[in-house]
Every structure is written in structure tokens, then in C-alpha cells.
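Trainee: One-letter residues, chain by chain:
Protein chains: 2
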Amino acid sequence: MIIALAGGVGGARLANGLARILPESELAVIVNTGDDFRHLGLHVSPDPDTVMYTLSGLNDTERGWGLAGETFACMEAVGRLGGESWFALGDRDLATHIERTRRLEAGETLSSITADFCARLGIRQLIVPMSDDPVQTRLRTPEGELAFQDYFVRRRCEPKVTGVEFAGATAASPSPILVSLMRSERLSGIVICPSNPFLSIEPILAVPGVRDWLSRRTVPCVAVSPLIGGKAVKGPAAKMMAELGLQTTPQAIATQYEGLIDGLVIDRADAAQAYPPCHVTDTLMRNVAGQEFLAHEVLRYLEQLRASPAS
Amino acid sequence: MIIALAGGVGGARLANGLARILPESELAVIVNTGDDFRHLGLHVSPDPDTVMYTLSGLNDTERGWGLAGETFACMEAVGRLGGESWFALGDRDLATHIERTRRLEAGETLSSITADFCARLGIRQLIVPMSDDPVQTRLRTPEGELAFQDYFVRRRCEPKVTGVEFAGATAASPSPILVSLMRSERLSGIVICPSNPFLSIEPILAVPGVRDWLSRRTVPCVAVSPLIGGKAVKGPAAKMMAELGLQTTPQAIATQYEGLIDGLVIDRADAAQAYPPCHVTDTLMRNVAGQEFLAHEVLRYLEQLRASPAS
Chain E
1 MIIALAGGVG GARLANGLAR ILPESELAVI VNTGDDFRHL GLHVSPDPDT
51 VMYTLSGLND TERGWGLAGE TFACMEAVGR LGGESWFALG DRDLATHIER
101 TRRLEAGETL SSITADFCAR LGIRQLIVPM SDDPVQTRLR TPEGELAFQD
151 YFVRRRCEPK VTGVEFAGAT AASPSPILVS LMRSERLSGI VICPSNPFLS
201 IEPILAVPGV RDWLSRRTVP CVAVSPLIGG KAVKGPAAKM MAELGLQTTP
251 QAIATQYEGL IDGLVIDRAD AAQAYPPCHV TDTLMRNVAG QEFLAHEVLR
301 YLEQLRASPA S
Chain U
1001 MIIALAGGVG GARLANGLAR ILPESELAVI VNTGDDFRHL GLHVSPDPDT
1051 VMYTLSGLND TERGWGLAGE TFACMEAVGR LGGESWFALG DRDLATHIER
1101 TRRLEAGETL SSITADFCAR LGIRQLIVPM SDDPVQTRLR TPEGELAFQD
1151 YFVRRRCEPK VTGVEFAGAT AASPSPILVS LMRSERLSGI VICPSNPFLS
1201 IEPILAVPGV RDWLSRRTVP CVAVSPLIGG KAVKGPAAKM MAELGLQTTP
1251 QAIATQYEGL IDGLVIDRAD AAQAYPPCHV TDTLMRNVAG QEFLAHEVLR
1301 YLEQLRASPA S
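Chains E and U, in that order, give the protein sequences.
Per this note's numbering, residue 1 is the first one in the first sequence, and the count goes up by one each step.
Per this note's numbering, residue 1001 is the first one in the second sequence, and the count goes up by one each step.
Where hints are given, some of them may not hold.
[Stated by the list, open to error] Just a sample of chain U residues kept apart from chain E, beta carbon distances all over 12 angstroms, derived:
1) R1038
2) A1119
3) V1179
4) L1260
[Said to hold, decoys possible] Examples of chain U residues toward chain E, derived with CB under 7 angstroms:
5) R1020
6) I1021
7) E1024
8) E1026
9) H1039
10) A1073
11) V1078
12) D1091
13) R1092
14) L1094
15) A1095
16) R1102
17) F1117
18) T1248
19) A1252
[As the list claims (entries may be wrong)] Now the in silico label distances, taken between C-beta atoms and shown as ranges:
20) U:T1109 / E:G209: 52 to 60 angstroms
21) E:G144 / U:E1062: 20 to 28 angstroms
22) E:E165 / U:G1107: 27 to 35 angstroms
23) E:E84 / U:G1079: 52 to 60 angstroms
These are computed hints drawn from the structure, not numbers from a lab.
We put the CB at the ideal spot given by N, CA and C, even for glycine.
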């Protein structure tokens, strides 16, 4: 069994590649919930939903987020009533938030609701929120501390980031399925997806027990760099790295994951700065074929590390 | 100023007729909230919304409920996720429930939220929920007690009704605007719209102070019978009357409002059973012209009663 750690779009794409080539019972995707927030009174879980929509094939591949064929009639009407419409929730997407909120209020956990949604959408792989407890990614900026969506959507990543914190993380527990996966003897490898290391992967590592488990694991772990040619495919990773005084290189990514990974998968565009141990390949996932290609590359690299762990 | 007491569709139609012919500051519509319920975790107020959508001109005139051009993408997705889809909430309509629920949870009252929604939708007349406190219409049936929507939508009014009660009514207060309207010296008449007397008007009368105010008023009050030819235009009024051992006649309606009204407006189809004091006219409101016609008739009858109160 392979465990993948993922945030939103980039993570969901590699997770989908893995889902398409691994037997269905042999993949579990652990997903960041640090971006979860309450909007219009509803519990919105952007990253788990992006992974769920991608693995069910319901996602919009052109826009990169949300559901294919989505409409926004409700949000327009919310705007007409004076409600907040800066965060666009599609009509079909809203159903996920409405049902999740209702079930959370009825006492169910985020992870059990997610598992049920996945079953209903025909997803056989495990999609596991990192925790059932609230963890909130907050960005320190010269304008003060911003909640993730305020920074990411409302301010379009414009403020300079001077630090990141994960409110609630120290009091959070890994979700029950994650706990049992961390103890599983079926595990054969771990993949850190090409998600933002600071905003998507770090919150997962901040859940008590997870970083420890990764540093003590006995199976190989590789990360896929989210950078291509020193730039992020999507999102503020490269901008943030510069603001935090880091170079936008494979080495900086490897340093971020120091002690946790056995190797880094980087794009050909960054080959000149390869930082051993590295596996160089094409990491841009333009379509499902690209997702499958990268998944194959990652699995082969894990296999290689398993065969010669002292690489 | 005219006060109209209204439930859903029939009440909204006469209220709209009144709104179109009275100066905009001279109409207040007091609306039943006994049908309000929580669905999918959202606070749904069917009657206030029907009146609001009708007076804003956003209502679907063919279907008779909801908004024109409505879509149901969210509800279909809710069904796919295993959620309850027996009560159809349109995508635009959902915005009303989402915003109302969010604002109620933030501590605003139903009546202030309704007033703000009306302002945003361009409605100048007052639409006033009867109370900001929860009142729940419940129907006694041989199968046990049913909440209103369970009876009305889920069971399509099939169970025999042996009694009606309004849970919470004795502890409820009239909404603040209703309190000030009941004291207003600007009042010149009161209209009980052709809504179901037992399910739409009775809950308003059950709010402490309202029945008393109606019985002591010094301005004329008329009711419009919801029956045409002994049948209800819409809904279970006639069926319920039979089940409750009442005849479906103007007299039974007048008895229901005994001591509260000075006269009853009935349809020509029931002229043979006219029960004095009655005003006979065409009460079927097929379109906006029909709404305006009936509103004119009602206002003229009020005027007549004001001139010769001993009729």
C-alpha cells in the first residue's frame, strides 16, 4: 500500500495518477485540512474536496478547481441578498458543503463523512482528512495575520508572507484511519505530492505524531518538488519561498523535508540544480496521461530506493 | 395603512394585488412562520419567502412556488451524496436559506433579516414574520403527530387531520414590527387573505396578543374565503374542513373567524350560500390583473364597512 500526502490541485493530480495505476485497495491519500473554513455558515474543505472530485472524475479539468459543468446561480443570489460572494461556491459543490455541515452538526466526524461521500461517488481508494479536529493555517504578513482563504482567495496571495502557523495543530489528533495507516504493516511507500510544502504538506506534518512517524518509517518516502524551472505550476509556493528568504531550488525543497524523505523527484527544467538523491523526470501533469506518467515514475523511484536504500 | 394577514401562495397573491394599488408605505403583510422548518441544516421560511418572491416579482407564476427560472443542480447533488431531497430547494432559493441561517446564527432576528432581504430585492412594503420566536404547526393524524412539511410535502396532505397545534406559540412574542403596527394610529383596515384558515392564519392568531388585538380593533377587518365553489383553489383547506367535521361553506369560514371580522368576501360560485355580512365577487386570482381586481374589491368593501359599520 502507498500513502500519498496531498494538498489541493497538484496533489490531487498525482493522487489521481496513482489511483489509476495502483490496485484500488492499495492507495490512501492523506489530505490537508488546514485550509478548511466556515463560509456562509457552511464547513468548506477545499483540499479534501479537490482530491475527491478529481478521483471521482467529476472535477473541472480546465478551470483546475471545482466540478465540471458547474453553475453559480446560488452565489449570484447570495450576492443579491448582500451576502459574501468573494469565495465562489458552485451549485453542485454547495451540496457537498451543505451535507457535510449538516452531518458534522449531527455529530459525525469529517473523516467518516468524507469516506461516505467517496463511497457514494464511486471512489474506492481511501481519502483521509489529516485530522477530525480543527487546524487552521494562518499566514503572518506585514498587514497582520491572515486566515488561509483571506490570503489565498480574497487577497490573491498578494501580501508578503513572513511566517505560517497552524492554529489548533498541537491539540489535534490524526484522524482514526490515519492512525491505523501509520501502524499498518501493508505499507510499502510514502509519496509527498507536489503540493505547496509550507501551506499544504506542513499542516499535515504539524498534526502530532505524523512528523515522528515519517522520520521513523521503515519504508521509503519520496517527495515530488512542486517547482518547475524555479517556479510553482500553480499557487504561491515560489513567491512565498522568496519572501521567506529561500531559493526556489530543489535543494530548498529537500531541506524543507529534511529527515523525512529518501529522495526528491524534480523536473527536467531543474536538472542543473539536482540535489542528490534526486530523480529527474517530467513532472508537469497536463492531463490524465501526465498524471499516470508521473505516478509511474514515482512508484519506480520508490521501488529503486527500496532495492538500494543507501542511495 | 392596511395590514394583511397571509400564508403562502393565495395570501401572497392578494398581498401583491394590494401592494400594486396602495401607496408603498401603506401596506404591511404579516406572514405565518408556523411552516418554518430546518432542512439540510438550513432555516427555511416558506410563507415569508413566497410573499417576498411574489412582491419582488421574482416568483414563478406558473409553478406557483419558488423563483422563476429556477434550477435544482444543488438538490440533485445532495441526492447523489445521500442527503434528503424530498423537499426541493432551488439553487437561487437556497441563497435565501443559506444567508438567513448564517444571519440567524450570528444573532439577527428573522424579522430584521426579512426586512433587509426585502430592501435588497426592491420591496418597499413591510413583510413581517408574525414572530421571531419558533412556532411550529403540527398536525394530529391517525398516524400520530406530523410536522407541517412532513404532512404537506412529504405525505402530500394524505393523512386525515384530526387536530392542529402550534408548538411554541404560547411562549412566542409578536415580532417587534407587528407590535408597533398593532399600536399604530395610521391603521385603516385589516385583511385576512384567502390562505388556509387552520394552517396559515390560525398560527398568526395563536401568537399571544394578536387574536386579542383583532377582537378589540377599531378599524374594519374582512377575510377573503379561500373556498371557490366549496373547494380550495390550492392546498388541503377543503379536505381538512371535511375531516374536522366542518362544511366547506362561507359560513364555516365566517365561524372560524367569529368575533374577529366584520365581513367575508366570497366567490360568486358560493353566492347561494352567502352568509351575511358578505361581499360577493370573483376571488380567483389567475394573474396580476386578478390580484389587483380582488384587492380593489377588498379595499372597497373595507371602505363600505367603515362608512356603515353596522352592516
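Trainee: Could you run down the list of hints and mark each one as holding or not?
Mentor: Results of checking the hints against the structure:
1. R1038: The claim breaks: U:R1038 does not keep its Cβ more than 12 angstroms from every Cβ of chain E (closest is about 9 angstroms).
2. A1119: 9 angstroms, violated
3. V1179: 26 angstroms, holds
4. L1260: 35 angstroms, holds
5. R1020: Since chain E brings no Cβ nearer than about 22 angstroms to U:R1020, farther than 7 angstroms, the hint is violated.
6. I1021: Since chain E brings no Cβ nearer than about 27 angstroms to U:I1021, farther than 7 angstroms, the hint is violated.
7. E1024: 20 angstroms, violated
8. E1026: 26 angstroms, violated
9. H1039: Nearest chain E Cβ about 9 angstroms off; hint violated.
10. A1073: Cβ of U:A1073 sits 4 angstroms from chain E, so the hint holds.
11. V1078: 4 angstroms, holds
12. D1091: For U:D1091, the interface hint holds, since the closest Cβ of chain E sits about 4 angstroms away, which is under 7 angstroms.
13. R1092: 4 angstroms, holds
14. L1094: This interface hint holds because 5 angstroms falls under the 7 angstroms limit.
15. A1095: Holds: closest Cβ of chain E sits about 3 angstroms from U:A1095, inside 7 angstroms.
16. R1102: 4 angstroms, holds
17. F1117: 6 angstroms, holds
18. T1248: Because about 39 angstroms separates U:T1248 from the closest Cβ in chain E, which is outside the 7 angstroms limit, the hint is violated.
19. A1252: Where the cut-off is 7 angstroms and the nearest Cβ of chain E is about 41 angstroms from U:A1252, the hint is violated.
20. U:T1109 / E:G209: 52 to 60 angstroms: At roughly 46 angstroms between Cβ atoms, E:G209 and U:T1109 fall outside 52 to 60 angstroms, so the hint is violated.
21. E:G144 / U:E1062: 20 to 28 angstroms: With Cβ atoms ~52 angstroms apart, the hint is violated.
22. E:E165 / U:G1107: 27 to 35 angstroms: 29 angstroms, holds
23. E:E84 / U:G1079: 52 to 60 angstroms: 27 angstroms, violated
When held up to the earlier numbered hints, the structure conflicts with 1, 2, 5, 6, 7, 8, 9, 18, 19, 20, 21, 23 and fits the remainder.
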